[in-house]
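Line order of the protein sequences matches chains A and B.
In terms of my numbering, the first sequence has 33 at position 33, counting the first letter as 1, and numbering is strictly consecutive.
Just add 1000 to the spot in the second sequence (first one is 1) and you have my numbering.
If you're looking for bench data, these hints aren't it; they were derived computationally from the structure.
All clues given are correct.
Restraint ranges, calculated between C-beta atoms of paired labels, are given here: (1) B:H1023 / A:K74: 42 to 48 Å; (2) A:Q135 / B:V1036: 35 to 41 Å; (3) B:F1030 / A:D156: 40 to 46 Å; (4) A:K155 / B:N1073: 22 to 28 Å; (5) B:D1079 / A:R128: 55 to 61 Å; (6) B:Q1038 / A:C112: 22 to 28 Å; (7) A:N161 / B:E1052: 42 to 48 Å; (8) B:Q1017 / A:D150: 19 to 25 Å; (9) A:A10 / B:A1060: 22 to 28 Å; (10) A:C112 / B:R1037: 24 to 30 Å; (11) A:G35 / B:A1031: 50 to 56 Å.
Backbone N, C-alpha and C fix where the C-beta goes; we use that ideal spot for every residue, glycine too.
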Amino acid sequence: MKSAVIVFPASNCDRDAAVALEAVSGAAPHMVWHGETDLPPVDFILLPGGFSYGDYLRSGAMAARSPIMREVIKAAHNGTPVLGICNGFQVLTESGLLPGVLMRNAGLTFVCKTVHLRVENNETLFTRHYNKGDQIAVPVAHHDGNYFADADTLKDLEDQNRIAFRYVDNPNGSQNDIAGILNANGNVLGMMPHPERVIAPILGGTDGAAMFESILEAVA
Amino acid sequence: MKARVHITLKSGVLDPQGKAIEHSLADLGFAGVGDVRQGKYIELDLTETDPEKARADVTAMCEKLLANTVIENYVIDLDA
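Isolated chain A (complex conformation) (with noise of 0.2 Å):
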């Protein structure tokens, strides 16, 4: 599987990210600065975690207008995979790839703990080694993950069955437990959680690894 993980100043988890493409694909990703205009051939894009921009006007805003997204988004368009993490899933609603909204967390507080998902469908490329129903432990760590959307566009988002994982738990306000939504298309996936931070014991959990190993089966 050929990859890509996109670095924007301040990105903080896209070292995680590549090490766990290269530990389930076998092959290392492409680390794609954002300034860049051009985006190699790649299979699998992955929007990695962190504070880009210093979540400077706000979380995701500024990196979202990055001249490489131009190619992410059309690539995305065009039907690569594109997976967006925590402040990968912000830049995936700013740019306009995702609806809706990441807004403070209700508490206010930064929320840095591992926490239960729920795989909500798991007839998507990104999650078809999970079971519908199964319930992962996966980390967050975040202070902007409450997801906010008008009702319209929550109504689309059940009816149409796009969103992938729900807290069992609700740590952050999100607007009907929502961790984890997908495009209409099904091939663009942000989630606040981080599936890369738990794909080996030595990593206190492998809940992740399935991400990784159905989007490696998806895109072969």
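Once you've looked at the hints, dock chain B against the given chain A.
What follows is chain B alone, placed relative to chain A:
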């Protein structure tokens, strides 16, 4: 020309920071303060001198970057 942009949360969007400010004001003894909403204020110096064009430019800036219109409204003031 100077443009001043106020960005505020739309009504109905929960504002946890505004709520926290409200609670702090109450703790400081300021009674009778309700529904605190916080927002952003951005100043821009523009070389454009035509107010109509300047307003169109700043509106485009708000739509593309300065505001997230899913949750935010913006108001633009211009002075020559």
